Amino acid sequence: MGILAEFSGPESLKAVAAELRQAGYARFEAYSPYPVHGLYEATGRRRTLLPWLVMLGGTAGCLAAILLQWWTNAVDYPYIISGKPPFSLPANVPIAFELLILFGALAAFGGVMVLCNLPEPYHPLFGCAEFRRASADAFFLSIDAADPLFDLKGTADLLRALGAASAEPYSRPQTERRVPGYVKATIALLLAAALAPPAYIAQVRFSRKSSPRLHLVLDMDFQPKYLPQQHSPLFADGRAMRPPVAGTIAAGAAIDDAHLLRGETGGQPAELFPMPVTMELMERGRREYDIFCATCHGLTGDGDGATSQVVVLEREEPKWIRPLSLHLPTVRSQPAGQLYQTIADGVRTMPSYASQIPVEDRWAIILYIRALQRSREGTLNDVPEELRKQLESIHDDATSYDDQN
Amino acid sequence: MMQHHTTIKIEDDRTHLAASNFPAVAASIAVGMILLIVAGAIGRPAGQGDSYTLLAASYLVSYLFFLSISLGALFFVVLQHLVRAGWSTAVRRLAEILAANLVWWGILFLPILVPVLLGKSDLYAWSIPGAAAADELLRHKGPYLNPAFFAARAVFYFVVWGLSAWFFLKWSTRQDESGDPAVTERLEKTAPAAMILFGLTVTFAAFDWLMSLTPEWFSTIFGLYFFAGSVVAALAAMILFAAALQAGGTARRVITIEHYHDLGKLLLGFVVFWGYMAFSQYMLIWYANIPEETVWYLERQTGPWTWITAGLLFGHLLIPFLGLLSRTVKRSRVLLSFWAVWMLAMHWIDLYWLVMPTFAPDRLPLGIMNWLCLSGVGCLFLAGVLWNARRRSLVPLGDPRLNESLAFENF
Numbered sequence: 000m001g002i003l004a005e006f007s008g009p010e011s012l013k014a015v016a017a018e019l020r021q022a023g024y025a026r027f028e029a030y031s032p033y034p035v036h037g038l039y040e041a042t043g044r045r046r047t048l049l050p051w052l053v054m055l056g057g058t059a060g061c062l063a064a065i066l067l068q069w070w071t072n073a074v075d076y077p078y079i080i081s082g083k084p085p086f087s088l089p090a091n092v093p094i095a096f097e098l099l100i101l102f103g104a105l106a107a108f109g110g111v112m113v114l115c116n117l118p119e120p121y122h123p124l125f126g127c128a129e130f131r132r133a134s135a136d137a138f139f140l141s142i143d144a145a146d147p148l149f150d151l152k153g154t155a156d157l158l159r160a161l162g163a164a165s166a167e168p169y170s171r172p173q174t175e176r177r178v179p180g181y182v183k184a185t186i187a188l189l190l191a192a193a194l195a196p197p198a199y200i201a202q203v204r205f206s207r208k209s210s211p212r213l214h215l216v217l218d219m220d221f222q223p224k225y226l227p228q229q230h231s232p233l234f235a236d237g238r239a240m241r242p243p244v245a246g247t248i249a250a251g252a253a254i255d256d257a258h259l260l261r262g263e264t265g266g267q268p269a270e271l272f273p274m275p276v277t278m279e280l281m282e283r284g285r286r287e288y289d290i291f292c293a294t295c296h297g298l299t300g301d302g303d304g305a306t307s308q309v310v311v312l313e314r315e316e317p318k319w320i321r322p323l324s325l326h327l328p329t330v331r332s333q334p335a336g337q338l339y340q341t342i343a344d345g346v347r348t349m350p351s352y353a354s355q356i357p358v359e360d361r362w363a364i365i366l367y368i369r370a371l372q373r374s375r376e377g378t379l380n381d382v383p384e385e386l387r388k389q390l391e392s393i394h395d396d397a398t399s400y401d402d403q404n
Numbered sequence: 000m001m002q003h004h005t006t007i008k009i010e011d012d013r014t015h016l017a018a019s020n021f022p023a024v025a026a027s028i029a030v031g032m033i034l035l036i037v038a039g040a041i042g043r044p045a046g047q048g049d050s051y052t053l054l055a056a057s058y059l060v061s062y063l064f065f066l067s068i069s070l071g072a073l074f075f076v077v078l079q080h081l082v083r084a085g086w087s088t089a090v091r092r093l094a095e096i097l098a099a100n101l102v103w104w105g106i107l108f109l110p111i112l113v114p115v116l117l118g119k120s121d122l123y124a125w126s127i128p129g130a131a132a133a134d135e136l137l138r139h140k141g142p143y144l145n146p147a148f149f150a151a152r153a154v155f156y157f158v159v160w161g162l163s164a165w166f167f168l169k170w171s172t173r174q175d176e177s178g179d180p181a182v183t184e185r186l187e188k189t190a191p192a193a194m195i196l197f198g199l200t201v202t203f204a205a206f207d208w209l210m211s212l213t214p215e216w217f218s219t220i221f222g223l224y225f226f227a228g229s230v231v232a233a234l235a236a237m238i239l240f241a242a243a244l245q246a247g248g249t250a251r252r253v254i255t256i257e258h259y260h261d262l263g264k265l266l267l268g269f270v271v272f273w274g275y276m277a278f279s280q281y282m283l284i285w286y287a288n289i290p291e292e293t294v295w296y297l298e299r300q301t302g303p304w305t306w307i308t309a310g311l312l313f314g315h316l317l318i319p320f321l322g323l324l325s326r327t328v329k330r331s332r333v334l335l336s337f338w339a340v341w342m343l344a345m346h347w348i349d350l351y352w353l354v355m356p357t358f359a360p361d362r363l364p365l366g367i368m369n370w371l372c373l374s375g376v377g378c379l380f381l382a383g384v385l386w387n388a389r390r391r392s393l394v395p396l397g398d399p400r401l402n403e404s405l406a407f408e409n410f
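Order-wise, the sequence lines are chains A and B. Mapping to numbering that gives the first Met the number 0: the first sequence position 2 is 1, numbers consecutive. Mapping to numbering that gives the first Met the number 0: the second sequence position 378 is 377, numbers consecutive.
By construction, these hints were calculated from the structure, which means they are not laboratory data. In this text the structure is predicted, and so the values were computed from the model without any measurement. Beta carbons: idealized from backbone N, C-alpha and C, even for Gly. Keep in mind that a hint or two might mislead.
Calculated pairs, EDC-like style, for lysine to aspartate or glutamate (alpha carbon to alpha carbon, straight line, at most 20 Å) [claimed, not checked]:
no., chain 1, residue 1, chain 2, residue 2
1, B, Lys264, B, Glu408
2, A, Lys83, B, Glu291
3, B, Lys140, B, Asp207
4, A, Lys318, A, Asp303
5, B, Lys169, B, Asp179
6, A, Lys83, B, Glu292
Taking CB as the label site, the calculated pair distances span [claimed, not checked]:
no., chain 1, residue 1, chain 2, residue 2, range
7, B, Arg252, A, Ala17, 21 to 29 Å
8, B, Ile220, A, Val111, 31 to 39 Å
9, A, Pro196, B, Glu187, 53 to 61 Å
10, B, Thr293, A, Val111, 43 to 51 Å
11, A, Pro34, B, Gly39, 53 to 61 Å
Just need the whole structure built from these sequences, with the hints factored in.
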């Protein structure tokens, strides 16, 4: 119930709103086809609460995101990803940012719905045919009958006095409208149908079956491929399974050279090398030794490699077992085949290097170890003639230096 | 149709500065030169307190600080034409004047460029002869990072910026008298090309002048980071420019609180954009954790630089975000001016943080040198602004969208 009055333009609408407010009216509403600056202020309303709702929503979203990530990543199921701490803020920022925006947007949407009393499928003003022009070319002002100053005749006279082109009462239409039966039936049917999926899920969730419970997407189950022992028209022998190419040998089946591959001769560790010993092999051994062995056993084989130095010197690990010196009598006396087995299979805390060092390289390394061992019992006679003099002069310098001190 | 009640009469307002501001310009140049000469005079060879390296780095920070204000202003001008904005017409001339310093700003780049060409730069390690030979990475980057190409690029940037700034100011000023709408159409047609060139030049200028201070390090988003900070600085400078003019009795009616409100909104937006860029850069590097990338942040996360890094996170993003959020703040000249000063200070700290850790990884080199350079270059910048503002309306009087801008209201 109320009165709907039409005015000529935005300026008169503003003026009337201000007048009504001064007269003490509170429950009135202005309608214009486009936003009119100053109209909101003229109606004397407080500024909307919406920004605060959005801020509240945004803050809640941000906090919810951080709480969620903290709970899932750091408390409920701690899981280290990419070496980061379980609770690490930088990783949480994108989610927090997105949820801040999402919750802010939802708060804006919900806030508008609530503050504007939406959804409002029917409003008494819709009964006025004239009112449709409010979104085209007319400026209206309505006063609700619930306003304490409202008086059907007096208010209408006041509006006319203020310049209204018309001031007509409006009210809810008398004819009562009911929802048709077929609409009700359709809604009931849809509701019943909506119950079917959860009912089915509940049924498969709590029953036992040998086949998959619920199998909606079948595309990986039926593939256009041949299974073992199937017939195929593509080949002359009609078999889908293809035999290996003539002369194929299974991996590791053909060559069995006990000496080369296992370092054995006659069931005992081999004393000799399975290949000719050359300077080339020696150089190769030196290179591979420096790569794979020197980190623990040291460049000269004393068992003082980099790992050992780090552990002993920096971490002061008391339980650390030093890598063996290759110059110990027990190591020196080992036949080449036994060294080979150590590299291939590992020994005590040393792991197997079979996956890193190919067979030939293992033997090359052993050759280089032999050279390292031999270097410790060399005499001046082992040094080539032309280098001997140089070595002696170094020796002389060293002794004369010792004498001086 | 939106209707405009133009209650603001431009005739009632002062739109020009005092007839002759030549003494102010001359004084500003003189003071600026003296301050810079003093800074140069107290410079000492490397290894001592106020070393030449520190002088060069301080000069670079100051130089880029004012350059970025002009660049941000140029972006603002081009953007308004690009989107055919109506609201901003009343304040666009301020941005045009700030941007017009780009016409001659290249001269002040010479103290940075000449040492690079002579192979004696204290700033750019890659430019020292022999540096590339010792470093595989620098050798690889050699085709890009070499003094000749560096200089050629700098010339190109200044030509593009100078021409754009000059073009938009000149035609807009011409329109003041003619009121010819064809000028607006012409500027709008030029804006897309100017914007594309602007984006490319700013990105590569940031790569050249800031990122190559640590030549081994790289970040493809770095140009955008510098750009975001520049726009923040320019908007803050425009707010202060407008407030200063109005306090002095110019454009009191033409520039309304609605314009401040919108400049404040843009400032808030670009504060967040800066944070978005800064975090986008940080997040990828932090997550991948590759030494060649993290080294740059490690330098800024150790020792006293930790505090500057944290200070930027709070001072350049979180605190101004909350501070500028409210409508009331953005519609208050005093409060908005406060945040504009705050953001300018933060932008200076941002540039300081980008440049200095390379030269002083274990301390904050803060002293007379910084202030001499900042105030010296600042005086020259001010002289340029006064010079650009002379004999010219501070409002685009002939712009066909001026009425729309005057009638503009926020809801």
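> Is the Cα-Cα distance between Lys83(A) and Glu291(B) 20 Å or less?
Replying inline: holds, 18 Å
>> Can you confirm whether the C-alpha distance between Lys264(B) and Glu408(B) stays at or below 20 Å?
In response: Roughly 14 Å between the alpha carbons, so the hint for Lys264(B) and Glu408(B) holds.
> Is the hinted pair Lys318(A) and Asp303(A) satisfied, with a Cα-Cα distance of at most 20 Å?
Replying inline: OK: Lys318(A) and Asp303(A) at ~16 Å, within 20 Å.
> Does the Cβ distance between Arg252(B) and Ala17(A) fall inside 21 to 29 Å?
Replying inline: This hint holds: roughly 24 Å between Cβ atoms.
> Using the C-beta atoms of Pro196(A) and Glu187(B), is the stated range 53 to 61 Å upheld?
Replying inline: holds, 56 Å
>> Run the distance test for Lys140(B) versus Asp207(B): straight-line Cα separation, threshold 20 Å.
In response: holds, 12 Å
> Are Ile220(B) and Val111(A) spaced within 31 to 39 Å by their CB atoms?
Replying inline: The hint (31 to 39 Å, Cβ to Cβ) holds, given that Ile220(B) and Val111(A) are roughly 36 Å apart.
> Is the distance from the Cβ of Thr293(B) to the Cβ of Val111(A) consistent with 43 to 51 Å?
Replying inline: holds, 46 Å
> CB of Pro34(A) to CB of Gly39(B), is that within 53 to 61 Å?
Replying inline: Given about 59 Å between the Cβ atoms, the range holds.
>> Please verify whether Lys83(A) and Glu292(B) have alpha carbons no more than 20 Å apart.
In response: holds, 17 Å
>> Run the distance test for Lys169(B) versus Asp179(B): straight-line Cα separation, threshold 20 Å.
In response: Distance of about 14 Å is within 20 Å: holds.
Hint check: no violations occur; every hint is consistent with the structure.
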